[in-house]
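A.B. asks: Counted the way numbering that gives the first Met the number 0 counts, the sequence shown spans residues 0 to 303.
Watch out, some of these pointers could steer you wrong.
What the hints assert, rightly or not - Simulated restraints, written as ranges between beta carbons of each label pair:
| id | residue 1 | residue 2 | range |
| --- | --- | --- | --- |
| 1 | Arg287 | Glu149 | 42 to 50 Å |
| 2 | Pro272 | Gln118 | 21 to 29 Å |
| 3 | Gly77 | Ile201 | 32 to 40 Å |
Read the hints as simulated data drawn from the structure, not as lab findings. All residues carry an ideal CB built from backbone N, CA and C; glycine is no exception.
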Amino acid sequence: MNADLSVHIGELQLKNPVLVASGTFGYGREYCGVVPLAELGGIMTKGTSLEPWAGNPPPRVAETPAGMLNAIGLQNPGVTHFLEVDLPWLRQQGATVIVNLVGKTTEEYTRVAERIEGQPGVHAIELNISCPNVKEGGIAFGTDPRLAHEVVRAVRRATSLPLIVKLSPNVTSITEIARAVEEAGADAFSLINTLLGMAIDIRSRRPVLGNVFGGLSGPAIKPVALRMVWQVAGASKLPIIGMGGIVSAEDALEFIMAGASAVALGTAVFRDPAAPLKVIEGLSEYCRSGGISRLSDLVGAARQ
0 MNADLSVHIG ELQLKNPVLV ASGTFGYGRE YCGVVPLAEL GGIMTKGTSL EPWAGNPPPR
60 VAETPAGMLN AIGLQNPGVT HFLEVDLPWL RQQGATVIVN LVGKTTEEYT RVAERIEGQP
120 GVHAIELNIS CPNVKEGGIA FGTDPRLAHE VVRAVRRATS LPLIVKLSPN VTSITEIARA
180 VEEAGADAFS LINTLLGMAI DIRSRRPVLG NVFGGLSGPA IKPVALRMVW QVAGASKLPI
240 IGMGGIVSAE DALEFIMAGA SAVALGTAVF RDPAAPLKVI EGLSEYCRSG GISRLSDLVG
300 AARQ
């Protein structure tokens, strides 16, 4: 008997708990020939802003041991292009769409949320207040409980969609930020975003990235991400989408047992675009072999 892999993230229902993380999957076009989008739990789109963003100067990526650095700078064509071009295409694919929303000010976040509200095919918003490689907005909101509360409350007033807030690991207390965000009206958390890092070219004696600093992702950050999911799960009853270095079903199960209801793969899809499908199959096989009828029964299993 096949296990029930469906999960609920607040009012958002997913057919399975495996999503693709924002910034690693574009809007799905690049991967649709390899990954049937409707088979995923959901797509967390590339960050979408009020106006087009050019992003950071190159070089923008660098390989690191067990991971990578990126400083893309949230380059995207803006919300109008998304609504006119990308969203209609995603609807045709049958994808569950979670729009990652970015801004430089509270007003910008709010205006994008207002544009997205009521659009057919948008199932939820992921509020990105934690990008470490933009100089305005982004991480500034995600590291200050007061600012985090302010922007989440404003967006909550602007939309009735399920509101998932993406938390930054670049903080002293992840639980303090989580509590502020929950109080402001968040429905769920996604965590973690990338860790702030850098690399230096010893030949040129210059930083490798054009932005100097970038976000570290990949297996190198998994222990940190898992720890933070555990902490937030202990401090809040809101559902969690865990991410950070997940490359296998075993990794996903660790996050689920720590308290995450769902997981997202990011850097893994650069190495193996089919990785999300393999994780889904691995979770199904784990349940079959263990006589587990519902995967959701494993959420927080390591805490019991």
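A.B. asks: Verify the CB-CB distance for Arg287 and Glu149 against the hinted window 42 to 50 Å.
C.D. replies: Holds - the Cβ-Cβ distance for Arg287 and Glu149, about 46 Å, lies within 42 to 50 Å.
A.B. asks: For Gly77 and Ile201, compare the CB-CB distance with the range 32 to 40 Å and indicate the outcome.
C.D. replies: Since the Cβ atoms of Gly77 and Ile201 sit about 39 Å apart, the hinted range of 32 to 40 Å holds.
A.B. asks: Note whether the CB distance of Pro272 and Gln118 lies within 21 to 29 Å or breaks it.
C.D. replies: Since the Cβ atoms of Pro272 and Gln118 sit about 27 Å apart, the hinted range of 21 to 29 Å holds.
No hint from the list above goes unmet by this structure.
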